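Student: From first to last, the protein sequence lines stand for chains A and B. The first sequence begins at 1 in our numbering and counts up one residue at a time. The second sequence begins at 1 in our numbering and counts up one residue at a time.
Calculated directly from the structure, the hints in this document are not laboratory data. Check the hints yourself; a few may be wrong.
[As the list claims (entries may be wrong)] With a Cα cut of at most 27 angstroms, we get these calculated DSSO-like pairs of lysine-lysine:
| # | chain 1 | residue 1 | chain 2 | residue 2 |
| --- | --- | --- | --- | --- |
| 1 | B | Lys25 | A | Lys140 |
| 2 | A | Lys175 | A | Lys4 |
| 3 | B | Lys144 | A | Lys157 |
| 4 | B | Lys146 | A | Lys140 |
| 5 | A | Lys140 | B | Lys90 |
| 6 | B | Lys125 | B | Lys31 |
| 7 | A | Lys140 | B | Lys27 |
| 8 | A | Lys140 | A | Lys236 |
| 9 | A | Lys140 | B | Lys122 |
| 10 | A | Lys157 | B | Lys129 |
| 11 | A | Lys157 | B | Lys27 |
| 12 | B | Lys25 | B | Lys125 |
| 13 | B | Lys25 | B | Lys129 |
| 14 | B | Lys31 | A | Lys157 |
| 15 | B | Lys122 | B | Lys90 |
| 16 | B | Lys194 | B | Lys31 |
| 17 | B | Lys70 | A | Lys140 |
| 18 | A | Lys157 | B | Lys194 |
| 19 | B | Lys70 | A | Lys175 |
| 20 | B | Lys194 | B | Lys90 |
| 21 | B | Lys197 | B | Lys90 |
| 22 | B | Lys122 | A | Lys157 |
| 23 | B | Lys129 | B | Lys90 |
| 24 | B | Lys144 | A | Lys236 |
| 25 | A | Lys157 | B | Lys90 |
| 26 | A | Lys157 | B | Lys236 |
| 27 | A | Lys140 | B | Lys144 |
| 28 | B | Lys146 | A | Lys236 |
None of the values given here were measured: they were computed from a predicted structure.
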Amino acid sequence: MIKKSIIVITGFICIWQLIVYIFKLPDYLLPGPFEVFHSIWLYRGLLCSQAWPTIFETLIGLCFGIILGASMSLSMILFRPVRYWMMPVLILSQAIPTFVFAPLLVIWLGYGLSSKVAVTIFALFFPVASAFFDGLMRTKIGWLDLAETMEGNRWRKVWFIRIPAALPAFASGIKVATAWAPMAAVIGEWVGASKGLGYLMLNANARLDINLVFATLVVLVAFSLTLFFIVDMLLKLLIPWVNEV
Amino acid sequence: MIKVCRKNNVLVPDLDISQAYMRYKNKTIFKNLSLSLPGGQWTCLLGTSGVGKSTLLRMIAGVLTDDDFKRESDECCIGNITASDGISLKGRVAYMAQSDLLMPWCSALENVLLGCKLRGQKTRKNIEKAKGLLNMVELEDSAKLKPSSLSGGMRQRVALARTLMENKPIVLMDEPFSALDAITRYKLRNLAAKLLKNCMVLLVTHDPMEALRLGDNIKIMCGSPAKIIDFEDIPKTPIPRNSDDMAVIALYGKVLKIMEAKV
Numbered sequence: 001m002i003k004k005s006i007i008v009i010t011g012f013i014c015i016w017q018l019i020v021y022i023f024k025l026p027d028y029l030l031p032g033p034f035e036v037f038h039s040i041w042l043y044r045g046l047l048c049s050q051a052w053p054t055i056f057e058t059l060i061g062l063c064f065g066i067i068l069g070a071s072m073s074l075s076m077i078l079f080r081p082v083r084y085w086m087m088p089v090l091i092l093s094q095a096i097p098t099f100v101f102a103p104l105l106v107i108w109l110g111y112g113l114s115s116k117v118a119v120t121i122f123a124l125f126f127p128v129a130s131a132f133f134d135g136l137m138r139t140k141i142g143w144l145d146l147a148e149t150m151e152g153n154r155w156r157k158v159w160f161i162r163i164p165a166a167l168p169a170f171a172s173g174i175k176v177a178t179a180w181a182p183m184a185a186v187i188g189e190w191v192g193a194s195k196g197l198g199y200l201m202l203n204a205n206a207r208l209d210i211n212l213v214f215a216t217l218v219v220l221v222a223f224s225l226t227l228f229f230i231v232d233m234l235l236k237l238l239i240p241w242v243n244e245v
Numbered sequence: 001m002i003k004v005c006r007k008n009n010v011l012v013p014d015l016d017i018s019q020a021y022m023r024y025k026n027k028t029i030f031k032n033l034s035l036s037l038p039g040g041q042w043t044c045l046l047g048t049s050g051v052g053k054s055t056l057l058r059m060i061a062g063v064l065t066d067d068d069f070k071r072e073s074d075e076c077c078i079g080n081i082t083a084s085d086g087i088s089l090k091g092r093v094a095y096m097a098q099s100d101l102l103m104p105w106c107s108a109l110e111n112v113l114l115g116c117k118l119r120g121q122k123t124r125k126n127i128e129k130a131k132g133l134l135n136m137v138e139l140e141d142s143a144k145l146k147p148s149s150l151s152g153g154m155r156q157r158v159a160l161a162r163t164l165m166e167n168k169p170i171v172l173m174d175e176p177f178s179a180l181d182a183i184t185r186y187k188l189r190n191l192a193a194k195l196l197k198n199c200m201v202l203l204v205t206h207d208p209m210e211a212l213r214l215g216d217n218i219k220i221m222c223g224s225p226a227k228i229i230d231f232e233d234i235p236k237t238p239i240p241r242n243s244d245d246m247a248v249i250a251l252y253g254k255v256l257k258i259m260e261a262k263v
């Protein structure tokens, strides 16, 4: 997988350079890969210092978003009234574009870390909750029948059977959330921040420093891809029974 | 008079089911169904696919839920399921399905211990007992393996060990051997017959040969709505009967004719 990705990325960079060369695109529209990598090297200190806030916001938002989503699914499975009243809330919360709330969250929580984390959590908890809940509901009937004849109480049935059986579905929810998390953090920064890669990008854009914009973009993409690969690998290690449920 | 059969000091009652009624997807599956199952013997319930025998089995096991009858027109009345000793059936039933129902995230030993885990009884004694049962089904080397590393026959043997671990007087089996190849099926049938002696076993099957080889009593479920027909001519030999037993072969055609006639 890693080899394939490296080949694809290299191919992409070559096509990028070709496009710039063939169409003779000006620097302020689309700099070539060499200019961008040169900018990354030039601004490496700045990019490093601004990357940490974004990475931090993404990871904390991802963790808490997953925890919130998982807790909602579990309480919906364990308690029927919660399931009854929470379903419309869950669905409605996704009919509203999450990022519409970003400015509100910045007003309420300020320019600091918490508003970005809040935007990330808000954007992520639904894919996680929905995937995990689906998995929990779709436990094989045969297993539930077996547990019924073995007189397990409700909590043990959920712990020993429903949850492990639902983990593959939970994993795909987590993967969707991981793909969204960096973008959610960056959008939070666009709305109102004083540091971070999103803030840097907007700032550089305003000053027409397109090289820096692209440099920031490349760093962001590199971070997202690395995060996704790590999470994917971790999930494969922890949940190897994906194909058998 | 209560017929008392004891198996490992567990009372094995007769089961009597009457007035069972089920309606599903606008069709009456069965109505006023009666069935009586003698304790300490194997009863084979024969029937074609879709006649409702698996649902009847689930009903006896007590695992039907509201989700099975979601439509307005669906209805289920469990009727009277009574044991001859008067004690409720809850917790006295072990269930074995067509698929092995092994948890892919647990080893074979953990799977055998599923019942203990669910009841919070995972003690050292039970672990030793589970290991012993795996020995009995000839899987002592596979205790730590996950189901994905086991063949179909081995997995069904783990399921059999799990059923034995439950040590329940009533064992309900829903075509547990039908997904296996012929030789494995033959071996497993003999093993099950040996290890589940003296239990009250209800084996649902669509294979008349299996019923004739393993049934102390044979009941045929056919028609729509389904009715139960007692098959009277059981061979006198004890189970498991040989497949070259003349009585078994002679009766095979007769059983098939009955099943065919009522479809």
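Student: Run every hint past the structure and note whether it holds.
Tutor: Taking the hints in turn, this is what the structure says about them:
| no. | hint | result |
| --- | --- | --- |
| 1 | B:Lys25 x A:Lys140 | holds (22 angstroms) |
| 2 | A:Lys175 x A:Lys4 | holds (20 angstroms) |
| 3 | B:Lys144 x A:Lys157 | holds (23 angstroms) |
| 4 | B:Lys146 x A:Lys140 | holds (18 angstroms) |
| 5 | A:Lys140 x B:Lys90 | holds (22 angstroms) |
| 6 | B:Lys125 x B:Lys31 | violated (46 angstroms) |
| 7 | A:Lys140 x B:Lys27 | holds (25 angstroms) |
| 8 | A:Lys140 x A:Lys236 | holds (22 angstroms) |
| 9 | A:Lys140 x B:Lys122 | holds (24 angstroms) |
| 10 | A:Lys157 x B:Lys129 | holds (23 angstroms) |
| 11 | A:Lys157 x B:Lys27 | violated (33 angstroms) |
| 12 | B:Lys25 x B:Lys125 | violated (47 angstroms) |
| 13 | B:Lys25 x B:Lys129 | violated (45 angstroms) |
| 14 | B:Lys31 x A:Lys157 | violated (33 angstroms) |
| 15 | B:Lys122 x B:Lys90 | holds (21 angstroms) |
| 16 | B:Lys194 x B:Lys31 | violated (35 angstroms) |
| 17 | B:Lys70 x A:Lys140 | holds (17 angstroms) |
| 18 | A:Lys157 x B:Lys194 | violated (31 angstroms) |
| 19 | B:Lys70 x A:Lys175 | violated (33 angstroms) |
| 20 | B:Lys194 x B:Lys90 | holds (25 angstroms) |
| 21 | B:Lys197 x B:Lys90 | holds (21 angstroms) |
| 22 | B:Lys122 x A:Lys157 | holds (15 angstroms) |
| 23 | B:Lys129 x B:Lys90 | holds (23 angstroms) |
| 24 | B:Lys144 x A:Lys236 | holds (21 angstroms) |
| 25 | A:Lys157 x B:Lys90 | holds (17 angstroms) |
| 26 | A:Lys157 x B:Lys236 | violated (44 angstroms) |
| 27 | A:Lys140 x B:Lys144 | holds (24 angstroms) |
| 28 | B:Lys146 x A:Lys236 | holds (16 angstroms) |
In the structure shown, a violation is registered for the earlier hints numbered 6, 11, 12, 13, 14, 16, 18, 19, 26, in ascending order.
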